[in-house]
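Chain A is fixed; fit chain B onto it per the hints.
Number of protein chains: 2
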Amino acid sequence: MALFGRRKKQQEDVVEVAETPTLPPPPPTDAGGLRSMEDHRAYLLEQIEQLPAFGQQILDAIDLSICEDIESDIDLPGFDNSAMDGYAVHAADTVGAEEGQPVVLAVVGEVAAGGWSEEPLPPGTAIKIMTGAPIPEGADSVVPYEVTDRGSDDVAIRVPARTGQHIRRRGEDVTEGDLMMRTGERLGARTIGLLAAIGVDKVMVRPRPRVVVLATGSELVEPGRPLENPAQLYDSNSYLLAGAARADGAQVFRVGLVGDDAEAIKQSISDQLVRADLIITTGGVSQGDYDLVKAVMPELGMTDFCQVAMQPGKPQGFGLIGEDRVPMIMLPGNPVSAYVSYEAFVRPVIRKLMGIEPLFRPQVRAIATHLIRSAPGRKQFARGVVTTDPGGRRRVTAVGGHGSHLVSNLAKANALIVMDPDVDQVAAGSPVTVWLLDENG
Amino acid sequence: MALFGRRKKQQEDVVEVAETPTLPPPPPTDAGGLRSMEDHRAYLLEQIEQLPAFGQQILDAIDLSICEDIESDIDLPGFDNSAMDGYAVHAADTVGAEEGQPVVLAVVGEVAAGGWSEEPLPPGTAIKIMTGAPIPEGADSVVPYEVTDRGSDDVAIRVPARTGQHIRRRGEDVTEGDLMMRTGERLGARTIGLLAAIGVDKVMVRPRPRVVVLATGSELVEPGRPLENPAQLYDSNSYLLAGAARADGAQVFRVGLVGDDAEAIKQSISDQLVRADLIITTGGVSQGDYDLVKAVMPELGMTDFCQVAMQPGKPQGFGLIGEDRVPMIMLPGNPVSAYVSYEAFVRPVIRKLMGIEPLFRPQVRAIATHLIRSAPGRKQFARGVVTTDPGGRRRVTAVGGHGSHLVSNLAKANALIVMDPDVDQVAAGSPVTVWLLDENG
Chain A
21 MALFGRRKKQ QEDVVEVAET PTLPPPPPTD AGGLRSMEDH RAYLLEQIEQ LPAFGQQILD
81 AIDLSICEDI ESDIDLPGFD NSAMDGYAVH AADTVGAEEG QPVVLAVVGE VAAGGWSEEP
141 LPPGTAIKIM TGAPIPEGAD SVVPYEVTDR GSDDVAIRVP ARTGQHIRRR GEDVTEGDLM
201 MRTGERLGAR TIGLLAAIGV DKVMVRPRPR VVVLATGSEL VEPGRPLENP AQLYDSNSYL
261 LAGAARADGA QVFRVGLVGD DAEAIKQSIS DQLVRADLII TTGGVSQGDY DLVKAVMPEL
321 GMTDFCQVAM QPGKPQGFGL IGEDRVPMIM LPGNPVSAYV SYEAFVRPVI RKLMGIEPLF
381 RPQVRAIATH LIRSAPGRKQ FARGVVTTDP GGRRRVTAVG GHGSHLVSNL AKANALIVMD
441 PDVDQVAAGS PVTVWLLDEN G
Chain B
21 MALFGRRKKQ QEDVVEVAET PTLPPPPPTD AGGLRSMEDH RAYLLEQIEQ LPAFGQQILD
81 AIDLSICEDI ESDIDLPGFD NSAMDGYAVH AADTVGAEEG QPVVLAVVGE VAAGGWSEEP
141 LPPGTAIKIM TGAPIPEGAD SVVPYEVTDR GSDDVAIRVP ARTGQHIRRR GEDVTEGDLM
201 MRTGERLGAR TIGLLAAIGV DKVMVRPRPR VVVLATGSEL VEPGRPLENP AQLYDSNSYL
261 LAGAARADGA QVFRVGLVGD DAEAIKQSIS DQLVRADLII TTGGVSQGDY DLVKAVMPEL
321 GMTDFCQVAM QPGKPQGFGL IGEDRVPMIM LPGNPVSAYV SYEAFVRPVI RKLMGIEPLF
381 RPQVRAIATH LIRSAPGRKQ FARGVVTTDP GGRRRVTAVG GHGSHLVSNL AKANALIVMD
441 PDVDQVAAGS PVTVWLLDEN G
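Each protein sequence line maps, in turn, to chains A and B.
Heads up: the first sequence begins at 21 in the numbering used here, then just goes up one per residue.
Heads up: the second sequence begins at 21 in the numbering used here, then just goes up one per residue.
In short, the hints are calculated from the structure, not lab data.
Among the hints, erroneous ones may be present.
Chain copies aren't distinguished; within one or between two, either way the pair holds.
[As the list claims (entries may be wrong)] Computed cross-link-like contacts, DMTMM-like style, restricted to lysine to aspartate or glutamate with a CA-CA straight-line distance of at most 20 Å:
(1) Lys-222 with Glu-118
(2) Lys-432 with Asp-174
(3) Lys-432 with Asp-89
(4) Lys-432 with Glu-363
(5) Lys-222 with Asp-95
(6) Lys-432 with Asp-95
(7) Lys-432 with Glu-88
(8) Lys-334 with Asp-95
(9) Lys-334 with Asp-444
Chain A on its own, in the form it takes in the complex (with noise of 0.2 Å):
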């Protein structure tokens, strides 16, 4: 301290002090020492950048939202065509045909879908034409089979043709120079059917993040083995926000589990974070003597550790770690408050890397089947069956208690309801916001 003061002193106006990097300040408190949730769920956002774009085929490219408009180089059709299979004619050619007095017409060929002919149409001729086919120069309708006695040499024609009838004009779908899809649009089926229809195989997209998932805790065991004495647990967390993360779209990688060992956990990130564009660790971040998440992640990148004004997922971490500075997010460790820290934070993360919106579940009212209490002063999180009736009209019950560790009941909700910190009850017969977690927006 004195050899700094020192040296400050001296060169007070040629030094550049070395900026250490650090996050950008956090988000206000209320009284007790609480961040928001919604504070809390942007200044991450805002921390995190949409992956850059890569060119994928179409067909890899599903579900994924798209970084590029896509005009279309061509018409749809290309060409006219026929929208019957039957004879191209001259409509003029037809007038008076009827039942009984048929007109016919010599066949001077055929043409197949695929097939083209720079030849005009000789007046007083046909052509046989099936469905596709282009309508050569000079035809202006097409006759079904149906209305004919589907003859090769000479047609006979019982019903007088209307001008253009079954023709498919050029252009009728898509004209040149049309805007296919948008920036931020996301690939479905049926888009990647319209793509291949202009003929793009390849689209810009954003890929799927490379999730790293992580439990940390020595209680825990893997499933499938045996516990090893009566206070260990199975590890269900790792599996539960990889197959979340994955159900989002990211492409999952689950690590072993890493006990509660400072080394172990440093060298377990450390490990990850060349594959990585997120890391989700959970456990080891509250006040506990054996928190060490929370002890040694500050030794690897910049941190920040702060009590979120809900219940569950009271204690939180950030980070941007290592020198690529790979977003990390660390969730508490059991299993529900795991689960609803994801949605209220790791989930709108992934969408925001992948470039897709909304960032948010769809968040709707229900109206509440049976009096839900909440405990006021932070904003509540309870699990949730909606339902739907026949109407339209949603109703939610809640599930289980107010216990963080109660999986089962999780399993069976199908939402989360939400209650802002104000809220103390929702009356029977009362509407209360519900997030769907079975709905992707």
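Chain B in isolation, oriented as in the chain A frame:
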């Protein structure tokens, strides 16, 4: 032939004539020779067997249908444990504690999550305990850090403890023998978490069917390549259907295009039989002279070509092909016909192979925003956009014309408007049935 005839004669009463296998008798047709959409769908489905179940790692089984009832072998929690960081005590020892006059207990040790001791907690003492750590025998409540001085040798407790406070009881979430999942349920992130929590790492599921998609037609060109003459067009069907099958959970192999050549079609199908649980083709099933799929497939297996009372999608083909009787669905070649046929027939077949219920798209009613005309006599499928207002009321607007070649409007649609054969129009403001294309039941 002569030899065979002789032998047959000699052994007339012992020979068993080998029965040529045939498909079951097809459903009846209407006066116009058309089969109803529902009858044809049922006819296909009765000939499809679910794929055999196999053991899969739980995380890789996401979205798949489970083929066993799963009961828990353990209690959850597996032991009484602490819901807080604090001290495990005998509640009786804290009677009378208050601010300014705390009860002081000797701290006899510390128990971390995963820690375990057979030794009971002596009366008059406390033991430091972390969230999730087992409650020592004898202790009956947990005093959180917040109401103590966080002492190490002795702890001063300022509030009396209630018996049982902050203890999560063994089995309060799941009891050994509880049914966790039933046959037929699908795995999602939250159920995967639950299975992991009870120690299950593998489950029996029906696999993703291997679906081969192949488009026929000499006029077709691969997207990304130049059109060589003005009558060619890009193959969009195989991309559309491959994308749809992938979205529906299949493992899709999109095979290159096959021209209108009988031998090439037979060869391509034969080559795919070995890796296919289902083959889908488009094109070549109508009445045209180049509809070769219909012409050649009876040589490779048992087939059924028919006309269905629906529009689009009238010509349909089905077969059980090769020695293994691989199901094959032969769809018409117009993109919209192919897609509507996929929704009506292929998707339910894929879901039956996977053991997923319900087989059909969610079918709901929506209010038509305008007059929608229908051609009576066949079930009509129109492309529609369904919107849901905040109150949950659905409205539907038809997009695009009736032409089955119009792919741009298909990409905009999120629903099929379904009108029965006896309907000729739906008035603005009236309800109409829709299939929701972006919701997976």
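Go through the copies and call it for Lys-432 and Glu-363: within, between, both or neither, with a Cα cutoff of 20 Å.
-> within (16 Å within a copy, 29 Å between copies)
Quiz item: From the Cα coordinates, with 20 Å as the cut-off, is the pair Lys-222 and Asp-95 best called within, between, both, or neither?
Solution: Answer is within; shortest intra-copy Cα gap is 19 Å, inter-copy 52 Å.
Discussion item. For Lys-432 and Asp-95, with the copy left unspecified, which applies at a CA distance of at most 20 Å: within, between, both, or neither?
Written reply: Cα proximity of Lys-432 and Asp-95: across copies only (18 Å, versus 50 Å in one copy).
Under a CA distance limit of 20 Å, which applies to Lys-334 and Asp-95: within one copy, between copies, both, or neither? neither (57 Å within a copy, 27 Å between copies)
When Cα atoms must be at most 20 Å apart, do Lys-432 and Asp-89 count as within-copy, between-copy, both, or neither?
Classified as between; 16 Å across copies, 41 Å inside a copy.
**OP:** Classify it for me, Lys-334 with Asp-444: is the Cα-Cα distance of at most 20 Å met within a copy, between copies, both or neither?
**Re:** Within one copy, since 18 Å is at most 20 Å while 59 Å is not.
Item to complete: Have a look at Lys-222 and Glu-118 and pick one of within, between, both or neither, based on CA distance no larger than 20 Å.
Response: Answer is neither: 52 Å inside a copy and 72 Å across each miss the 20 Å cutoff.
* To do: Have a look at Lys-432 and Glu-88 and pick one of within, between, both or neither, based on CA distance no larger than 20 Å.
  => between (40 Å within a copy, 18 Å between copies)
Checklist entry - 20 Å Cα cut-off: does Lys-432 pair with Asp-174 within a copy, between copies, both or neither? => result Neither, since 70 Å and 44 Å both go past 20 Å.
Hint check: violations occur at hints 1, 2, 8; the rest are consistent with the structure.
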